[in-house]
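Let the sequences and hints guide you as you build the complete structure.
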Amino acid sequence: MARTLSLPIDGAAGNGSVLSGLRLSPAARRFLAWRWVALAVLIVGWFVYYPIFDNFRVSMTSSDIFTGEVRNVGLENYRRLAEDPVVLGALANNLAYAVLSIVFQVFGAFVLASIIEDIATRRMRNIWRAVYFIPSAISTTVTGLLFYFIYQPDIGILDGLLTALGLGHWSRAWLGDASTAIYAIIAMSQWQGFGYSTLLFTIAIQKIPRDLYDAARMDGAGPLRQLWSITLPMTREMTGMMIIVTITGAFQVFNEVMVMTAGGPNNSSQVLGTWLYQMGFSQNEMGYAAAIGSLIFAVTMACGLAQLWYTRRRRVAA
Amino acid sequence: MTDISHMPAAADDAVPARAPWALLGRAMLQALLVAIAALVLYPLIWMAMNGFRSNAEIFNSPFALPAHWSFAAYAAAWQNGVSQFVLSSLVVTGVSIVTTVFISAWAAYGLTRTTIPGQPLVVGFILGGMMLSPTVALVPLVRMMQDFGLYNTHWALILLYTAFRVPFTTFLIRAYMLDLPRDLDEAARMDGASEGQIFRKIILPLCRPILVSCVILHVLFAWNEYLFAMIFTNSPETRTLPVGLTSLMSKHGTDFAQVFAAMTISALPIVIVFFLTQRYFIRGLTEGIGK
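If you read the protein sequences in the order shown, they are chains A and B.
Under the numbering used here, the very last position in the first sequence is 417; numbers go up by exactly one each time.
Under the numbering used here, the very last position in the second sequence is 295; numbers go up by exactly one each time.
Please keep in mind that the hints were generated in silico from the structure rather than gathered at the bench.
Everything numeric in this text was worked out from a predicted model, so none of it was measured.
All the pointers check out, no bait thrown in.
Distance windows between CB atoms, simulated:
(1) 182(A) <-> 34(B): 47 to 57 angstroms
(2) 381(A) <-> 153(B): 22 to 32 angstroms
(3) 133(A) <-> 83(B): 44 to 54 angstroms
(4) 317(A) <-> 183(B): 34 to 44 angstroms
Glycine included, every Cβ here is placed at the ideal spot set by N, Cα and C.
Structure (structure tokens):
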């Protein structure tokens, strides 16, 4: 540390930069501190915040596809939103996405992480975590396309596998069937995402003091009891955060649906994101697309605020 | 999951199982871990293998290994645009790493080491950006990019990747800087060092671990991003890998071997990066969730 302290700071007499050479009042100096954050505030304000406000403005308009004339239509787009059956179906699909992801990527990953931490040697722990994480490192475009092929009736391996197991009567065109399309996509998403949350849970479990388990074992608590009475409560913060993050993610989902079915067949696998895309960029109904955007905003914002509230409460409690 | 009840009460690596049924339960759980690993790896291996096979093989025997290893499909994919897409992805990822990490490090320094008027508000503003989703901003952003003349350029993606990742990256670096001892910069300030010198020569070097994590997390994001890339690029020269893949799919979709090869080429670098940098990456995650 002493070495770092004696770093040769050139121009240490205070003329190192133009700014420190000037005699500035403390107020001016404080104001100049803004230069450190100016770029971040500017770029985030301009490209992240401003579009959200602009989105609300656009959602109150309707542009004529033929003349390009933009009219103010007030809340018309929102009324249409409430009556659009596809929006309702998309919301249901987003909800199914959220529920199944919580089951597999939060609770399933929690159990899996506990198993890894409990029975694997240190070396194997790292290997399991790394292997399970691989799909999360790969882009959803690749995994989506991969499962698009896996689900195909002709070249896909899923139907081949089912036939080999004597379950041939289950095989079908998973993505071409309106009753299975969204679930096939959700299944792919679990395959891709569970390793990420498993990794996060193993990190959280490793932070639990080991003597808690030792004490529990002294008292004769079995593994299941330890899981319930120590691991679960001690990782509650992580579980709570993961649930919120998972719900937020489920309402923003776009990529895998776009790649695998683009919302089809017959809009059965449409989610809010893909419906927004189709309305805005295929049908050129920007006003209506912006209204769908507002709906996504409302849901994700509620989740974000829940997350903030959760973190605050945790801080206060700690 | 009832097997858990048969687990021996072992937290340590070397504690042996005590009863036969405990041993059995343990074996079943080990088998479960192996089965899940197979479920994860098999589709990926199938993907890479199909790049070596012919269309006829893919159709007739989906499970078989390649009869003879042919790089033809990989070569064809590379020439049919994948090399272009890789280049675009490298440019967009590379430049946006630099812009994102620098802008975030500056901001984190300003938020932890200076007294900005209204500092809590600025913190809330920048970190609050994490809650806003790209999908919602999509419609207005298209118009903005068209007005700026940035539509269908790499700059559009670089700008957006930077803007949408600065909040999270600032969050990570700020948390790290908050934990750094202040004596060092105080001492340097006493010696007459300017803010810029303190940032460059003291704080930044100390932050190296978290900066590395941030770079890795940004690579994972930028290399794989699809929504913006799909909307804001529409020519072979500007498309990044994820969009390029879907365009290749619509053009050569019946040449399965080539599509599988292109998918493998696009996935491999990121898997390699992950394995090489795992340690830092996990540290980045720990920092990000631990606070």
